[in-house]
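K.L.:
Generate coordinates for the entire structure from the input sequences, incorporating the hints supplied.
Protein chains in written order, with this note's numbering: chain U, 42 to 362; chain X, 3 to 178.
Keep in mind the hints are simulated off the structure, nothing from the lab. Just so you know, these numbers come straight off a predicted model, no measurement behind them. Backbone N, C-alpha and C fix where the C-beta goes; we use that ideal spot for every residue, glycine too. Some clues are possibly wrong.
What the hints assert, rightly or not - One side of the interface only, derived from the structure: several residues of chain X facing chain U at Cβ under 10 Å:
id : residue
1  : Glu11
2  : Gly31
3  : Thr71
4  : Arg74
5  : Leu77
6  : His83
7  : Val86
8  : Phe108
9  : Met117
10 : Ala119
11 : Phe123
Here are the chains, one letter per residue:
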Amino acid sequence: MNRRHVLDLDDFTADEIELVMQTTDAMKEVLARPIRRVPPLRGKTIVTLFYENSTRTRVSFELAAKNLSADVVNITASASSVTKGESLVDTIRTIQALGADVIVIRHSQAGAPYVVAQHLRGSVINAGDGWHAHPTQSLLDLYTIRERLGPVAGKSVVIVGDILHSRVARSNVWGMTRAGARVTLCGPATLMPPLGGDGLPPVTVDYDLDRALEGADVVMALRIQRERQTGGMLPSLREYVERYQLTPARLRRARPGALVMHPGPMNEGVEISPEVAYGAQSVIEDQVANGVAVRMALLYLLVGERTTELAAAPAPVGARR
Amino acid sequence: MAERVLMTEPEIRRALARIAHEIVERNAGVGDLILVGIRTRGVPLARRLAEKLEELENVHPPLGELDITFYRDDLGRRALHPVVHRSEVPVDVNDRRIVLVDDVLFTGRSIRAAMDALMDFGRPRAIQLAILVDRGHRELPIRADYVGKNVPTARDEEVQVRLTETDGRDEVVIVR
Numbered sequence: 042m043n044r045r046h047v048l049d050l051d052d053f054t055a056d057e058i059e060l061v062m063q064t065t066d067a068m069k070e071v072l073a074r075p076i077r078r079v080p081p082l083r084g085k086t087i088v089t090l091f092y093e094n095s096t097r098t099r100v101s102f103e104l105a106a107k108n109l110s111a112d113v114v115n116i117t118a119s120a121s122s123v124t125k126g127e128s129l130v131d132t133i134r135t136i137q138a139l140g141a142d143v144i145v146i147r148h149s150q151a152g153a154p155y156v157v158a159q160h161l162r163g164s165v166i167n168a169g170d171g172w173h174a175h176p177t178q179s180l181l182d183l184y185t186i187r188e189r190l191g192p193v194a195g196k197s198v199v200i201v202g203d204i205l206h207s208r209v210a211r212s213n214v215w216g217m218t219r220a221g222a223r224v225t226l227c228g229p230a231t232l233m234p235p236l237g238g239d240g241l242p243p244v245t246v247d248y249d250l251d252r253a254l255e256g257a258d259v260v261m262a263l264r265i266q267r268e269r270q271t272g273g274m275l276p277s278l279r280e281y282v283e284r285y286q287l288t289p290a291r292l293r294r295a296r297p298g299a300l301v302m303h304p305g306p307m308n309e310g311v312e313i314s315p316e317v318a319y320g321a322q323s324v325i326e327d328q329v330a331n332g333v334a335v336r337m338a339l340l341y342l343l344v345g346e347r348t349t350e351l352a353a354a355p356a357p358v359g360a361r362r
Numbered sequence: 003m004a005e006r007v008l009m010t011e012p013e014i015r016r017a018l019a020r021i022a023h024e025i026v027e028r029n030a031g032v033g034d035l036i037l038v039g040i041r042t043r044g045v046p047l048a049r050r051l052a053e054k055l056e057e058l059e060n061v062h063p064p065l066g067e068l069d070i071t072f073y074r075d076d077l078g079r080r081a082l083h084p085v086v087h088r089s090e091v092p093v094d095v096n097d098r099r100i101v102l103v104d105d106v107l108f109t110g111r112s113i114r115a116a117m118d119a120l121m122d123f124g125r126p127r128a129i130q131l132a133i134l135v136d137r138g139h140r141e142l143p144i145r146a147d148y149v150g151k152n153v154p155t156a157r158d159e160e161v162q163v164r165l166t167e168t169d170g171r172d173e174v175v176i177v178r
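P.N.:
Pasting the structure below:
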């Protein structure tokens with residue numbers, strides 16, 4: 042893969058997505074072995090830098106790096122010098138000086154990974170920035186669909202919930218459309234971003250979930266945060282449940298065998314009913330398992346000589362003794 | 003670029019037939035054998051050997067295929083990591099005898115990588131090596147148990163094995 046960073050999927054070509062998918066296939070085979078470890082990233086250092094809480098994404102990256110024999114250093118903002126007022130750029134410079142080949146960053150501020158990319162000689166992977174992007178989630182969603190239903194091109198994907206605050210939805214609009222799927226966004230008007238003006242590819246918007254689900258191949262429910270209610274964006278959770286919860290009755294409107302997805306963590310009984318979340322059509326656990334394989338694929342594809350060469354500090358002139 | 007034919011289609015066929023006989027003789031049958039081809043061209047060669055072994059012994063040995071990309075010792079020196087594929091080893095390798103199959107034996111580094119890859123699947127009783135062309139210039143202490151043809155080469159020459167399954171016809175050529 043001829044790129045240094047994975048910041049969002051807006052600059053991924055269909056071919057690049059396909060390369061990630063095929064490489065993920067090979068990684069799945071490694072994960073099925075009794076010893077789930079191969080050596081290609083021996084001697085490389087991966088730093089995960091998380092300014093926001095996360096379990097599955099951080100652990101997923103850590104396992105991915107370890108399965109490829111890389112060394113992993115985990116930094117969480119609450120336990121670092123960030124609490125002493127160190128700025129993001131200072132933190133990056135420090136990590137760089139310690140010799141990181143890849144930084145995996147999650148930050149509440151949209152765009153933070155782009156700032157890091159400007160200051161780092163190694164590679165940056167965006168593990169979620171504000172409401173902006175979460176590219177690795179979208180790639181694992183794409184892989185999960187492809188694994189179950191075959192090629193993503195031509196599939197109809199409905200994403201329902203709090204689209205406005207969802208980096209998963211935004212990255213999936215890029216990823217899914219680039220892979221040739223048709224995307225419908227669904228949710229209350231108060232939780233729908235203004236579309237069309239921000240360069241996102243064209244999607245269908247529907248405020249009626251029953252109608253949106255007709256003939257869908259994939260339904261992805263997003264987490265509804267309870268704060269949205271106090272923020273005045275939802276009249277009540279009960280009304281949201283009434284109109285937008287993914288229930289067995291609603292799911293029957295989609296294609297038979299349609300996939301149910303959720304990026305997690307779930308609010309069972311709010312955006313998704315437990316029967317659907319743990320039903321036969323749910324691939325939510327597959328998503329978590331595929332997350333490790335997709336992240337292995339990205340780490341493998343990003344780390345070549347180019348990054349090591351750039352990451353190595355040049356020897357000062359006259360330093361040879 | 004000049005090309006010279008080292009082995010023709012019938013020569014390749016006879017070499018594989020001889021190797022199959024040698025495998026049977028050396029192992030007193032094909033009882034606990036697994037044939038494992040190294041991608042790309044070791045895979046069809048392993049398949050052909052398995053068919054010859056079945057003709058001789060009425061047993062079709064299990065076939066595996068190995069992608070050694072993860073185990074290459076030059077990964078860190080390449081600008082871009084190569085595309086990697088799944089490895090398929092269909093049966094438990096523990097205590098089995100394995101015949102690794104590849105098209106060309108040169109520096110020995112691919113075979114070293116293949117042995118490391120195999121060991122990650124278990125502990126075989128023995129690993130043997132079958133090669134269509136041995137062109138010399140080893141950089142590691144590795145030798146083949148079964149050789150289709152020994153060919154003296156210069157280091158800067160290139161030996162290309164072409165097989166019907168991957169290239170549309172059977173021949174081995176040397177390019178200089």
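K.L.:
Each hint should be assessed against the structure and marked as holding or not.
P.N.:
Cross-check of the supplied hints:
1. The beta carbon of Glu11 (chain X) comes no nearer than 32 Å to any beta carbon in chain U, farther than 10 Å, and the hint placing it at the interface is violated.
2. Residue-level restraint check for Gly31 (chain X) is violated (minimum Cβ-Cβ distance to chain U is 28 Å; threshold 10 Å).
3. Here the hint on Thr71 (chain X) is kept, as its CB sits about 7 Å from the closest CB of chain U, short of 10 Å.
4. For Arg74 (chain X), the interface hint holds, since its Cβ comes within 10 Å of a Cβ in chain U; the closest pair sits about 8 Å apart.
5. Given hint, Leu77 (chain X) at the interface with chain U, holds; its Cβ is 5 Å from that chain's nearest Cβ, closer than 10 Å.
6. With its C-beta approaching chain U no nearer than about 5 Å, His83 (chain X) sits inside the 10 Å limit, and its interface hint holds.
7. Hint status for Val86 (chain X): holds, given a least beta-carbon distance of 4 Å to chain U, under 10 Å.
8. Using the Cβ-Cβ criterion of 10 Å, the hint placing Phe108 (chain X) at the interface with chain U is not satisfied: the shortest such distance is roughly 22 Å.
9. Because the closest C-beta pair between Met117 (chain X) and chain U is about 13 Å apart, greater than 10 Å, the hint is violated.
10. Here the hint on Ala119 (chain X) is kept, as its CB sits about 8 Å from the closest CB of chain U, short of 10 Å.
11. Contact between Phe123 (chain X) and chain U, as hinted, is supported at the beta carbon level, the nearest pair being about 7 Å apart and thus within 10 Å.
When the structure is compared with the earlier hints, violations turn up for hints 1, 2, 8, 9 and for no others.
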